[in-house]
Structures are given as C-alpha cells and as structure tokens.
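Chain R is fixed; fit chain A with the ligands onto it per the hints.
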Amino acid sequence: MIDSVLFIALPYLAIFICIFGSIYRIRKMPMTYSALSSQFLESKSLVWGSVPWHIGIITIVLAHLFALICPGLWQMLMAYKNVLLITEALGLAMGICCLVGLIVLGIRRISSQRIQAVTSRMDLLVLFLLTAQVIFGIGTAVLHRWGAAWATGTAVPYIWSLFTLQPDLSYISDLPHMVKAHIVSAWLLILLVPFSRLIHMFAVPLHYLTRPPQNVLWNNPRHYEAEAAAEEILDTDARREFIKGGVGIAAGTLLLGAGAMDKIFAFFFGPRLTAKEETELMEEKLCRLQATTDQRKLELERQSSKYILVSAMSELSPTEGKYLIDYQMTPAMAFKGEDGLPIVLSAKCTHLGCTVGNTVNKEGKILCPCHVSYFDIKTGEPNADAPAKAPLPILGWALIDKAGKLIASRSSKGEISGDTSSESIKDCDLFIVKTDEVKV
Amino acid sequence: MKAGQSVFATVSNFLSERFPVEHMNFQHMVEKKDVPVHNMSWGYYTGGLTLFFLMVQVVTGLFLLFYYQPTVSDAHLSVEFINKHVAGGALIRNMHTWSASCMIFFAMLHLLTSFAMKAFEKPRELTWIFGVLLLFLTFTFGFTGYLLPWNQIAVNATKVGLQSVEAVGEYLPGALSQLPHILRETFQGEASVGQSTLGRFYALHVVLLPLALLGLISLHLLSVQLHGMSRGVDQPTKKSERFFPFFIFKDLSLWSIVFLLLLILAWCIPFDSFLPYPLLAPYNALGSTPAGIKPEWYFYFLYYPLEMLPFWLILLATGLAVLVLIFTPWIFKGTSRKTLGLITVLASLYLVVMTVFGEQIYHMVKP
Ligand code: HEM
Ligand code: FES
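Taken in order, these protein sequences are the chains called R and A. For what it's worth, this note's numbering labels the leading residue of the first sequence as 40, then goes sequentially. For what it's worth, this note's numbering labels the leading residue of the second sequence as 504, then goes sequentially.
Treat the hints with care, as some may be off.
Said to hold, decoys possible - Below, simulated DSS-like cross-link-like pairs (lysine-lysine); rule was C-alpha separation at most 30 Å, straight line:
hint, chain 1, residue 1, chain 2, residue 2
1, R, K401, R, K441
2, R, K283, A, K869
3, R, K324, A, K742
4, R, K404, A, K797
5, R, K315, A, K535
6, A, K535, R, K283
7, R, K417, R, K452
8, R, K404, A, K535
9, R, K452, R, K375
10, R, K401, A, K797
11, R, K361, R, K452
Hints are computed from structural coordinates only; laboratory data are not their basis.
If we strip away everything but chain R, and leave its shape as in the complex, we get (with noise of 0.2 Å):
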C-alpha cells in the first residue's frame, strides 16, 4: 500500500505539478524562472560550492536521462567491463563532487547575513532534499555497486511503465531502502521544481554554446583602459608566453612520458609466455603452418596432374557439398546428384567472388550469404533476381575405380561418357580433370 503511495501516485502527481506548475511560472512570472542571484552579495564560496555542484549534478542527470531514453545503448555499453568501471568511477567522483559543492552553498545560505536576506525557507528545503538526494546516489554507488548496469532492468522499466501508463511495481519492489529512498526523494524533488529556483533548470544558456564569442564590455571608462593595457601586454609578451607554454607542454610531455616509459618498455621487451603458453603457441603455429603447406602442395598437385582426387562417391551427399579447390585454386563443391552421378560445380559466386555455402534448401539451391544468390546446383543457374547473373560453371569430372580403371567420365561441356550405372560406380573414387581429354 504505502509502495502504491510512494511509488505510482507520487510520480504522477509529481510530474503533473511539475509540467503544469512550471508552465503556469513560466507564462505568469516569466521574470523569475532563472535563479535568483545572490551572486553580488557573495561571490567567493559561490564559486567554490555552485561550480563542482553544477558540474557534477549536470554530468550525473545527463547520464541518468541517457540510460532512461536508451536502455539498450546503455546496456551494450556497460557490458563492456572498462565502461562499467569507468562510468562508476566517473559517477562516484561526480556525487562527491556535487556534495562538496552541496555543502559549501549551505554553510554560505546558512552563515552570510547578507545572504540570508534572500533566502526562503524553500531554498532550505530543496537544498535539504538535494543534499539527501545526493547522499542516497551516493550509498547506492557505494553499498550497491554496479548501479550502472543493474538499473537498466531495475529502475529503468519501472520508470518507463509509469510513462506508458501501466505502472509495474514488480521492478523495484525488492530493491534496497537506499536506493527506493533515493527514488522517493526524486520524486519529491520533482514535485518542488515549480515551486522553487529548481525552475532555473529549464532555463539553460544553451544558445552560449553556437553564438559568436562576445565581449560583454563595462561602460566604465577605467575598463576600457585596463583591457588596451591587456591587449598591449598580449602583443609584446606573446614571444614570452608561448615560450613559457611551450615550456609547459614540453614538461607535461616529459612527465607523461615518464610515467607512460615502463609501459613502452614493455611493449618493445615483449611478453615473457610460461613454458605452457609457449607450447600452445608453438602448436597453433605449426597448426597454420601446416593448412599453409597444404595450399601450395594443393597448388603444386594442380601443375602436374591430370586428375585430382576428390572424394570417394559414397562420401559424397546430396544436401550437403564437399568443398574442394579446382584447377584455378578457387572453391568448388561436390554432391551427389539425383540420377545418382555426381555434380562438381564451382563455388566461387559469378557475382563478387564470395565463396558459396554447401548446404542445398529445398528447391535444391545453395545460397552465397554475401548479397543473397540461389545457385541451382543442378544448372548452377542464379535466381531471376539476385546480384549474380551468370551461373555457376559446371565442371567435369571422373570416375576411377580402385584397380585405376577409369569407368566414367563428364566434359565440362556436360557429355557423359562410359559407365554409369549405380552398381559399377558405386566404389569408384570422384575425380577433377585438367582438360576434357579424359574420355572413356
């Protein structure tokens, strides 16, 4: 009951406030939407509390909105054991960040006169509930690690199912106080935002970022003056400058490069592999050597004889082709056909080259995965609309049998000579020929 109340009535009722109440500011007071400044009262622990503040909120929102609208991106990234690592890092350091910060703007509400004068008891409340908010992000980080990558199938549907108007419990209702405190204290933050300074968030400067850089010049004669001095420092110095920043960078290069040296180093020392390593490799590599010695011996057969051997026919299948490399050291592949003879076709698609698959479908066609051809094994003909246009060659084949007779044999222009009949090449062996001079 109280998970209902907190937990789908609050959100709705907080993001309808918010929404609502922000456009009726926005419309009504137009003037008072971006934070009241305090800045001419107290400008030192401003700058100390609102910048590491604003830095880190920013950094952390921007993170949770990106795991909210892109789950999956943010899954895949996290998957990745580094990304994880870092992002936690990264988001610890900013929660610490925006704590500091937190604490420094309220020692200043609290202990400045001057500041007090425009403070309301609002600005005590949100800073309260920010702080409480930032502490539960942070005993999350710290207490439940991998937040990261957990929130993606925890928090994430459950927010989610609010906006689709099915709102599911189930995601959320086993997590840990700390982090429903910190989901609770969201909402609630929520619901303030048109009620106090949190409203500044819809104001962001974003247009800084594309107009031209400008001057903003104080109409104050004195200012001018200073800024003529600055230029005139900036011409005749600019030979001294540079050398003390090039100085700089030299330095910064020198004391990375130290600190990056032994990595180097070890790079060029190369690795020192235990003695299992080194025979793992060693037998990997003997493993390539000898498919390399295998090629150039395929290769040195094709220069000098007539027939290669294939397989033997009662190896060959009708659904699935036997590899081989024909006379131009490029595949072709094997089956047995229906009328029992074999059919040798190439598997070099006529389209791009691809090497075609070996496993025939149902309307008897094998398929280049490349850009989709069916091949018709039996005419080696292409599908009206694939990419590859011509067919596949046939090639000739012969048929020996183990005394060395040859007993049947095919041109590659298809005429079938000798004897075919299943019982006498039954314990033949399948053969390539050179040319089409093998006849019976």
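Frame of chain R; chain A with the ligands shown alone:
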C-alpha cells in the same frame, strides 16, 4: 615554338601564384598568419584533427610493425599475439583501429566544411585538389589495412572489393575494358586473394602509402600556410586571431582532449567487439563465406547503394562525384556560400543516413 613558350608561361604563372616564393619565409607563413573568428570557426579545427589522428596512426602503426607478420600462416596469429600477450598491445591495436575511423571521419568533415566555407577559391585550387587526393589516399589506407589481420571478414571483404573493381570493366569501351581487370590482377597478385595480395597490401599500407601521404600532406600544408586561412564567410569578419601562438595552442589543447578520449575509447571498447566471432576467425580458404561480410562503416555510403541499385548507375554517380570533387574550384567558382552550404547539408545528410541506416534501408528494399 611560340605556342610552347606561352603554355610554359601560363603554367609557370599559375604555379607561382599558387606557390608564391616571396612568401616562403617564417614571418609570412607563421608569424603573420591570422585565423578569422566567426560562426564557422570550428571548421578550422577539422584539418588539424585529421593531422593529429594521422600522427596517432603513424606512431601506433610503427608499434604494431614490431610484432605483425605479413604472411598468410602467421598474420592472424601475430595479431592475436599482440592482443593477448604483448603489454599494451591490445590498447595500441585498438587505438590504431579507432583512430583510423576517426581520421577518415575528420578527413570527410574537413572536406565538407572547406567546401561550405568556399575555401577552394583562387589561389587555393591546388590546396583543395591535394586535399581531395589525401582523402582518397586515406580511404586506400583503410582498405589495405583492413586485410592485414587476415580474418574471415578481412579476406572476404577484400575479395568483394577487388571484384567490384573488376566489374567496372564491363562498362568501359574497347581496350579500356581490360584496365580494371589488369588493375585487379596487379593488386591481387595471384588467382585468388592470397599471400601475394597480403604482401602487396602490406607494402602499400606501411611504406608506399605513408610516403605518398607525407608528400601530399607537405604540399597541402605548405599551401595552407602560404595563403593563410580563407575568409570562410561572406561578410568580412572584424575579429581574427593570430595563428601563432594563439590558434596553435587551441589546436594543441583540443588534441590533448581528443587524445584522452581516444585512449579511453580504445581502452574500453575493442573495435572487434562490433563483429561476431565467426567473422574474426582466421581466414579459411576451404569453407563457405560466413554471412555478414561487409566493409568498414566508412564505405557504407558506397556499399549499400551498390547493393540496391544497378551497378552502372553507381559507377556513373561515383565517377561524376569524383570529377566534381576534383574540379570543384572551377565548377563552383561563382556559387554563393549559401548555395554551397545547402549542398553540403544535403551531402552530409546523405552520408549520415546511408552510414547509419544503410542496413535497415537495404533490408526494407530487399527483404
Ligand atoms: C605509417 C603509417 C602506418 C603504419 C606503419 C601502419 C601499420 C599497420 C599494421 C602493421 C597493421 C596490422 C596490425 C593490425 O591489423 O592490427 C595495420 C592495420 C590497420 N591499419 Fe595501419 N598503419 C599506418 C597508417 C594507417 C592509416 C593512416 C590508416 C587509416 C586511415 C590505417 C588503417 C588501418 C586499419 C583499418 C587496419 C586494420 C586494423 C585491424 O582490423 O586490426 N593505418 N596498420
Ligand atoms: S558475391 Fe555472391 S551474391 Fe555477391
């Protein structure tokens, strides 16, 4: 003789206006150079960033050279070795890959902004042409580098790429039609993409292209410094900034931030993680090509249209685009910056849409 002389005079006049010898001194090229300040000033950083990423490429590339072995039996294993065993190896390799993408991105952006700012006006025609050639070289770098790890996607994408070059032949007249074939044979070196191809791509990637790039960049930068920054906008700007030391320090600060970002990116997100493993497995000459072969993202703008439209159309469009790019200084001589801006926006829109949504569009057109 007279005609010959006047041609010579024209050429020498043209060149001396583009390379004014009297300006070739430190004072003119560095101390006096100003960078205008206006709305489009950010465009002046894109070239510097491209240069920065090139420097990263050179340094990380040299690092990789210590371990990379360009043979079909060892290439894949040596890259794996860099990733698994060498201290900082995975980081260096990742930086090389990420920064390659960044370099291409910024080279394209640099071209687009220079176009929009009409930076190719007299006397900067040659600067522009060198720039266009540099962009093509950078693409070639990407294409040749892609093959080096010798995994499934690398070899198969290279096969498709080279075969596409050959396919151009059908559309060329007479003896020319043999040219693409000869070109492919030259780069491929043997019947199918193999050791000879790897050797050639390696030589191109680590020696020839860097030398060519160095030469072109020197010319490009020399002419930039000689002529100073172009105005970039229509109304003459009142404010400007001295290139040295102010602008160059801004450049350097930007570079250091970008370096930090690159480092974090390369440390956190392996470039390989965008591809499923079967595509990263060592190349297997005997198997079927795995599904999902595609080029690097920076070729999508060419690749997806190629998949969807007739080849001759793409060929025509590409040929035209290349010609237009090269002759831009003369074609767009009288065009206002407003129109140029519009063209740039349209071109960028095309590039972004094809790169980001190319795959979806492809699946919509060809379910
Ligand atoms: C002097 C300059 C360069 C040298 C010495 C060099 C060296 C290398 C080496 C040895 C490799 C193989 C290692 C590996 O695959 O990880 C490689 C890969 C690669 N290079 Fe370069 N490179 C240079 C410049 C460039 C440039 C300017 C670009 C592109 C703009 C580039 C793009 C690539 C790409 C895309 C790869 C494949 C990366 C991968 O998938 O692993 N390189 N380079
Ligand atoms: S390479 Fe086979 S369909 Fe394109």
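Now for the hints, and whether the structure bears them out:
| no. | hint | verdict |
| --- | --- | --- |
| 1 | R:K401 / R:K441 | violated, 34 Å |
| 2 | R:K283 / A:K869 | violated, 62 Å |
| 3 | R:K324 / A:K742 | violated, 63 Å |
| 4 | R:K404 / A:K797 | holds, 23 Å |
| 5 | R:K315 / A:K535 | violated, 63 Å |
| 6 | A:K535 / R:K283 | holds, 20 Å |
| 7 | R:K417 / R:K452 | holds, 14 Å |
| 8 | R:K404 / A:K535 | violated, 71 Å |
| 9 | R:K452 / R:K375 | holds, 18 Å |
| 10 | R:K401 / A:K797 | holds, 27 Å |
| 11 | R:K361 / R:K452 | holds, 22 Å |
Hints 1, 2, 3, 5, 8, counting from the list given before, are not met by this structure.
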